[in-house]
Amino acid sequence: VTAIATPDGATAAAYAESRRHELRKSRLVMIDGSLTVSTSSVEGGVSERIYENGYWGFASAPTSDGATVARVRRQARDNARAMTRFGARPALRLPGGTYRGEHAYIGRTPLTPAECVDRMAALTGWCRTRYPALKSVQVMLQQEHHRKQLVTTDGSDVLNSIQRATCYVILVAESDDGAPVELWERLSGKGSLADLELSVEALAPRLERIHEHLQAKRRAVPAQGGQHTVVMGPDLAGILAHEAMGHPCEGDIVLGGAVTGDLVGQRVASELVTMVDYAHHHGADELMIPVYADDEGTPARDAVLIERGVLKEFMQSRETAARLGMAPTGSARAYAPGDEPLVRMRNTAILPGTSRLDDMIAGVDDGYLLLHTSNGQADSTTEFMFGINLGYEIKGGRLGRAIRDTTVSGSALKVLQSVDAVSGDMVWNCSGYCGKKQPMVVSMGGPAIRARAHLGGE
Amino acid sequence: MSMAATDTPAQLRRAAERALELMRACGFEHAQASAVRVARAELNLNHNEPSLMRSTEVERLAITGVVDGRRASAELGELDDAAGLEARVAALHADALAAPQDKAHAVSASEHARVVHGPAEADLRLLADTVAELLALRARETPKMMLEEGLAAHARLEAHTLTTGGSDLACRLGWYEASVMGTARDGRRASSFNYTGGRTHELRGTPIAERFGIGAMLHDTERQIDARPIGAKFVGDVVLMPNAVADLVGWLLGQLGDAELIAGTSLYRERVGQLVASPLLNLKSRFDAPGVAAISPDAFATPPVDVLRDGRLATLLPSFYGSRKTGLAHVPTPGGGWEIAAGATARADVVHGVRRGALVGRLSMGHPSSNGDFSGLIKNSFSIENGEVAGALAETMISGNVAQMLKDVAAVSRERIDTGALCLPWIRIGGLHFS
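These protein sequence lines are chains S and Z, in that order.
Quick note on my numbering: the first sequence kicks off at 25 and runs consecutively.
Quick note on my numbering: the second sequence kicks off at 1276 and runs consecutively.
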């Protein structure tokens, strides 16, 4: 990606941005030793977005030669001007600031496809030999690299390069009645697949634990539906943060009527809960999805959403900040070359406390320990859900039987207010996609949390 | 509708031919190349106001090569990048040689298709009129609705696929889209968000309120501002609205596809010809739906197919590779285009048949497990008591088993909602656990 000229038309447009964007992805899937998917893709192009007369115009094309850039620019301006068909409206003064800089992660030399296949075959072979009763062993590797060069009429000139890689190992067994039962182990991190420890030696201890859980899950019992005390393991706190209060704290969702809009400055969670959408660092560590300036060229800063239980602020783009009268946070991001920036989370976490997970379990007379999650969903009411595919009963402070797949849900305002213990752990992952008109790579993290929530079940 | 070969844009055919030539020269024994171009014009609204007009162009050159029984695939983002293609083909050859041998790898041979339907050119005035109509509908009939986002769009997709086996398939599709998503608010009280949308060949002629269930969705959502938990644990019935029925269809189609069949985890692999669902259920293709070309990703023409006939499983849906891998009969399918046949019961009577349960607009749930077990929140939903729709529900979950739900369908409505890729009725199912 090379820099492109500052957009012309700056005098006519209140704001304009040009983005050259390249997105490289690869994906390999091995099912029982057969490589069923081996594909890579590269998608690139140039886009232009213009804010003029209170309306936005956007255009993109897959090539980025000079003539195409000029054509895309004209089209974006024509699109903004075509919107005046709906009548004139005052243009907002878009806040945001300026950022100039380049940020790229320098990781290990990427794995070749042959090296990826070797690792997948080794993991499959080890699982097959070690656990001959398994019905199926599946390994999935994915990596993607976003490289964006952005120039804005405000003077921002940014190169953002974000890479993330994920590995799933899925073990499938049979229950006593012959039904398939599955669990997976997941690795994710910044950089390419070479930056993940994919060797059998590195993964064996984790696979041993997953296999033990799988054996317990073969004889799992249904969860009892209804309100329960649940201990959510560190792998769940991130998705709790993301779904329960992350989405309802996005500026565009707030403008769309989310109940959080009326709650700034009010207690929305236990005093034990502090929740932050980090821009690029947590302490001294650069996070998995580091955003130094967003795709509007706004310098990115941490958004402290909940501080000791009190709702403090929201994540913002330039426009939502202007509409809500709040400070921008640098949270506007676009997924693909043809996408316009939307308010998106970056690295969302609940901060660790001081409790120990074992003590948190011991303090539950009748409840559940929830350890692994699948997908989740948020709502403007703060009513959230996420799937649970590994959990156990807690009886008298001790772990009991495994439970079948279930769903945990609740109103975030009620669940977070019920939090009575937060562990000192901090676990991050960046394996999934957040979906909101466009997909997006995000990371999430947190400690173990004990709260009251609703479990689906009989 | 058919089209002459010359109707396909020459650039796409040339790009696919060039890729095949390079792949042959590089040593691939079998190869497939698909050149695709998508142009999209989209008019967006946000927060009850028109906000953004966008025009996007996407190109894609997808190549798959097989050498010595080893396969790899790649996609490039430009059609005319000769140097990039040459380099990528060479890299693809190395990728393929690194893959394990698998006798199931092959490409299609002697398949031919030409598919043309839908409006090729965008009527931008029509897009603007549609957004204006949506906004006027909201203001006039459901003023408590906040349309967080919505759009009217036109898309044109052109593709040309060639294989070394002599397959030659092309399409040119055009369609319009409209969708809305939003929340109803009254003071500090808010509903759950709700959404609907779909694709059509013709955006004129029918009020937007009557398309894709948009008008009903807006009215329902306003009635969901004052939602309450169901407040009891019981076993009852659900009437799934079409949006929720789509989750059942998606799960069943997944069970019939490659991943589950190859892994041996499908519940249905040995069930073809058997009764796996209620006799009231008939699921079949509509591969001529707006935005759908009757061409599979692995380069086969896709004739119509019945999946469920009176509840009996008529077929599995393995791809060419999945078929060769499992020994099951190959059934090519495109990316979408399905319908459940209309039933014999009026929608109101589907609801009247429920003694205690819920009318469910949307299932918010984790992925059902491999055996079909699931639990999830029911969103945009109303309780049903003694056959009558009552108050809106919040914080209410149901659990059950999707495979069992398909068997337990007790009524299928005459009315359906057609969103283009799916056309689905309301269905009543018993035996769900509420909590």
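It is possible that part of the hints are untrue.
Said to hold, decoys possible - In silico DSSO-like pairs for lysine-lysine, Cα to Cα no more than 30 Å straight-line:
#1 Z:K1419 / S:K336
#2 S:K214 / S:K438
#3 Z:K1419 / S:K438
Stated by the list, open to error - Derived contacts from chain S toward chain Z, CB cut-off under 10 Å, selection only:
#4 V66
#5 Q248
#6 I412
#7 S435
For the record, the hints were derived by calculation from the structure and aren't laboratory data.
Glycine included, C-beta positions come from ideal geometry on N, C-alpha and C.
These are the hints, each one checked on the structure:
Taking the CA atoms of K1419 (chain Z) and K336 (chain S), the gap is about 27 Å. The hint holds against a cut of 30 Å. Restraint check: the Cα-Cα separation between K214 (chain S) and K438 (chain S) comes to about 34 Å, which exceeds 30 Å; the hinted pair is violated. Distance restraint check for K1419 (chain Z) and K438 (chain S): the Cα-Cα separation of roughly 25 Å lies within the 30 Å cut-off, and the hinted pair is therefore satisfied. Taking 10 Å as the C-beta cut-off, the interface hint given for V66 (chain S) holds, the closest approach to chain Z being about 5 Å.
At its closest, the beta carbon of Q248 (chain S) sits 8 Å from a beta carbon of chain Z; the interface hint therefore holds under the 10 Å criterion. The beta carbon of I412 (chain S) is positioned within 10 Å of a beta carbon in chain Z (closest approach about 7 Å), and the interface hint is therefore held. Interface hint status for S435 (chain S): upheld, as the beta-carbon distance to the closest one in chain Z is roughly 7 Å, under 10 Å.
Against the hints set out earlier in the document, a violation occurs for number 2 only.
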